[in-house]
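Novice: Take a look at the letters that make up each chain.
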Amino acid sequence: MEGVISTKVGYAGGTTPDPTYRAIGDHSEAISLVFDPGIISYEDLLRELFKAHDPFSPSYSRQYASIIFVHDEDQKQAAQSAVKQTEQKSGRTVVTEILPYTAFYRAEDYHQKYVLKRHSSIHEEMCSIYPVEQDMTDSTAAARINGFLSGWGSPDHFERTLPLLGLSEKSSKRLEAVFYSHR
Amino acid sequence: MKKAILLVLAASTLLSVAAYGRSDETMQNVLTSDIPAIDLSRPPLTEIATFALG
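Respectively, the protein sequence lines represent chains A and B.
Plus 620 on top of the position in the first sequence (first one is 1) and you've got our numbering.
Plus 10 on top of the position in the second sequence (first one is 1) and you've got our numbering.
Derived from the structure by calculation, the hints contain no laboratory data.
Errors might be hidden in some of the hints.
Stated by the list, open to error - Calculated lysine to any residue pairs in the SDA-like style (CA-CA distance at most 20 angstroms, straight line):
{"no.": "1", "chain 1": "A", "residue 1": "Lys-696", "chain 2": "B", "residue 2": "Leu-63"}
{"no.": "2", "chain 1": "A", "residue 1": "Lys-737", "chain 2": "A", "residue 2": "Gln-754"}
{"no.": "3", "chain 1": "A", "residue 1": "Lys-671", "chain 2": "B", "residue 2": "Leu-63"}
{"no.": "4", "chain 1": "A", "residue 1": "Lys-628", "chain 2": "A", "residue 2": "Val-735"}
{"no.": "5", "chain 1": "A", "residue 1": "Lys-793", "chain 2": "A", "residue 2": "Arg-738"}
{"no.": "6", "chain 1": "A", "residue 1": "Lys-628", "chain 2": "B", "residue 2": "Leu-63"}
{"no.": "7", "chain 1": "A", "residue 1": "Lys-628", "chain 2": "B", "residue 2": "Ile-58"}
{"no.": "8", "chain 1": "A", "residue 1": "Lys-704", "chain 2": "A", "residue 2": "Asp-674"}
{"no.": "9", "chain 1": "A", "residue 1": "Lys-628", "chain 2": "B", "residue 2": "Gly-64"}
{"no.": "10", "chain 1": "A", "residue 1": "Lys-671", "chain 2": "A", "residue 2": "Ile-718"}
{"no.": "11", "chain 1": "A", "residue 1": "Lys-696", "chain 2": "B", "residue 2": "Glu-57"}
{"no.": "12", "chain 1": "A", "residue 1": "Lys-704", "chain 2": "B", "residue 2": "Leu-63"}
{"no.": "13", "chain 1": "A", "residue 1": "Lys-628", "chain 2": "B", "residue 2": "Glu-57"}
{"no.": "14", "chain 1": "A", "residue 1": "Lys-671", "chain 2": "B", "residue 2": "Gly-64"}
{"no.": "15", "chain 1": "A", "residue 1": "Lys-790", "chain 2": "A", "residue 2": "His-739"}
{"no.": "16", "chain 1": "A", "residue 1": "Lys-696", "chain 2": "A", "residue 2": "Gly-634"}
{"no.": "17", "chain 1": "A", "residue 1": "Lys-696", "chain 2": "B", "residue 2": "Ile-58"}
{"no.": "18", "chain 1": "A", "residue 1": "Lys-696", "chain 2": "B", "residue 2": "Leu-55"}
Note that the structure is a prediction, hence the values are computed from the model and not measured.
Pulled out of the complex, with its shape left as it was, chain B reads as follows:
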């Protein structure tokens, strides 16, 4: 079941990445996410934030 979900995620993500030129890092994070934190029916508009907080 998990393989099937990952295949669907991979296909959706590859299409989105191809269409929107997202980075490999973003794709990897989407592929390794097992809950739908982002809606793959729309472009995966992700950003990266980096902080150092002591």
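Bound conformation, chain A alone:
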């Protein structure tokens, strides 16, 4: 999504210190986004959040709960408004919780940019551009490539972004083929 600078997955909302995938405790699987509100608003992100998952069905475990962790009062009000609008539009009760953000624990590297890592040639090229694993997974380029490989984004955004990613012609063509295969 344009305006999203970086993404990382991890664990949030619980009290267990230093959670891991195997010992997640009372945390939930979460995503943390750094975004530029001059390009995309928090309200836009909330709209995408409700489109991207089922906010009506209670999860069978805390690990897979639906939660908005608000970082300030403005985000809290926007989240409450988004829940209300979703309920009014659907006529159903939203189970998504709104909780104050306390901490985010980064998940293990093998969970980061999961789809990108399934495309070995593009992944290898990204690793040569970013020798440090975390630099790669936290980069805007990796966020874009991961999204495009999953079929997200408009063709217009894809075409404008592709030349900026620093990929070879071979990887660019591979990315292009996968992106358009989702259309």
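Got chain A; can you put chain B on it based on the hints?
Specialist: This is chain B only, laid out in the frame that chain A set:
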């Protein structure tokens, strides 16, 4: 070439961070971004959103 770009980004970001008191995390994300997702000619007004979606 990449080093030169990173140096420019680092200088611009450090100036912006100094001027606007942005967090280390934000600075790191800007430094590790290799495409101009934000325009460094203006303050890097970034925010963080955190969601759990099942």
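Novice: Could you check the structure against the hints above and give me the numbers of any it violates, in ascending order?
Specialist: none
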